[in-house]
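Asker: Residue strings, one per chain:
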Amino acid sequence: MSVRSVHIAKERLKTLLVSDRLQCTPDMADRLSSDLYNTVAKYMEIRPEVFNIEITRTDIHIRYTGESN
Amino acid sequence: MGEVIVITSGKGGVGKTTTTANIGIGLSKLGKKVIVIDTDLGLRNLDVVMGLENRIVYNLVDVIEGNCRLKQALIKDKRFPELYLLPSAQTRDKTSVSPEQMKKLVSDLKDEFDFILLDCPAGIEQGFQNAIAGAHRAIVVTTPEVSAIRDADRIIGLLEKSGIRKNELIINRIRTDMVKRGDMMSVDDVSEILAVDLLGVIPDDEYVVIATNQGEPVVGEECLSGQCYEKICRRLLGEDIPVTDFSHSGGFLDKISSLFHRN
Chain A
4 MSVRSVHIAK ERLKTLLVSD RLQCTPDMAD RLSSDLYNTV AKYMEIRPEV
54 FNIEITRTDI HIRYTGESN
Chain B
857 MGEVIVITSG KGGVGKTTTT ANIGIGLSKL GKKVIVIDTD LGLRNLDVVM
907 GLENRIVYNL VDVIEGNCRL KQALIKDKRF PELYLLPSAQ TRDKTSVSPE
957 QMKKLVSDLK DEFDFILLDC PAGIEQGFQN AIAGAHRAIV VTTPEVSAIR
1007 DADRIIGLLE KSGIRKNELI INRIRTDMVK RGDMMSVDDV SEILAVDLLG
1057 VIPDDEYVVI ATNQGEPVVG EECLSGQCYE KICRRLLGED IPVTDFSHSG
1107 GFLDKISSLF HRN
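Line by line, the protein sequences are chains A and B. With the working numbering applied, the first sequence corresponds to residues 4 to 72, in that order. With the working numbering applied, the second sequence corresponds to residues 857 to 1119, in that order.
A hint or two may mislead.
Pulled a few chain A residues facing chain B out of the computed Cβ check, cut under 10 angstroms [said to hold, decoys possible]: (1) Ser8; (2) Lys17; (3) Leu20; (4) Arg24.
For the chain A half of the interface with chain B, some residues (derived, Cβ under 7 angstroms), not all of them [said to hold, decoys possible]: (5) Arg15; (6) Leu19; (7) Ala32; (8) Arg34; (9) Leu35.
Hints are computed from structural coordinates only; laboratory data are not their basis. Every residue, glycine too, gets a C-beta built ideally from N, C-alpha and C.
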């Protein structure tokens, strides 16, 4: 069975909302995320799996879920 | 002091006008004195949905330009207690009215009505700015589609920017069968993405089309959508009623009721 269309809709929507909220292209949003990751990585030991960036209408949340295995 | 609520969505065709009509009628049936205002200049629709299109003499622009007194332009819907419509102008455009004029109009009505509902046009241009000018609360209508949710997010951002902080969401045209098989975003999906309080959910119901054909409301009728609109009205009056999310089929009674209303 192929991926249910609701998953595709949610992924597309998330990308759209981030670029709408930042008023930039999806590509720039990705670059922002990786720049933020690299900046934090200069000071802390982090891995992409425990690092999460969420962009809402008013805030940018950087979540670090700590040392889990 | 009346509560001023704008019903908006960004995208067109998601059910703003139907929602305005049914909430207006529902609140009036619950004993409130209500006025619904069509702010969509040039595309007058609210009167048609309410079945009042043959009673229009004056309109919103006539009031603003002083061609008539406010009272003369209000159409009383005789089917319900204390429900009034201020229709839009069909032959004018959105620049005929300014946000300041709308603000004044709304504040002139505040003392007399419990609820002032503003049906907002689609889009984010001047028509939207006019509609939200006098409001201190907004109902954002969306459907579970990518385009409608995207526009709703944009609208919520603009409302917050204009200082309207009490923004609540209605998710319209949910289909349980499609949510269940993973082909439609669920109520949880949509409210999580938009992150505003959920005021209500309206299932996709052919009864809405039938009622609109006839210029009748669904609110309070025995159909599912009618019950959901009534619950929304009660929530607006402060009752604590849980939201049905239509993510799975209802119980035995719902099935019987949907069979009963098929024709």
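Asker: Determine for every hint whether it applies to the structure shown.
Answerer: Results for each hint:
no., hint, verdict
1, Ser8, "holds, 5 angstroms"
2, Lys17, "holds, 7 angstroms"
3, Leu20, "holds, 5 angstroms"
4, Arg24, "holds, 7 angstroms"
5, Arg15, "holds, 6 angstroms"
6, Leu19, "holds, 5 angstroms"
7, Ala32, "violated, 14 angstroms"
8, Arg34, "violated, 21 angstroms"
9, Leu35, "violated, 18 angstroms"
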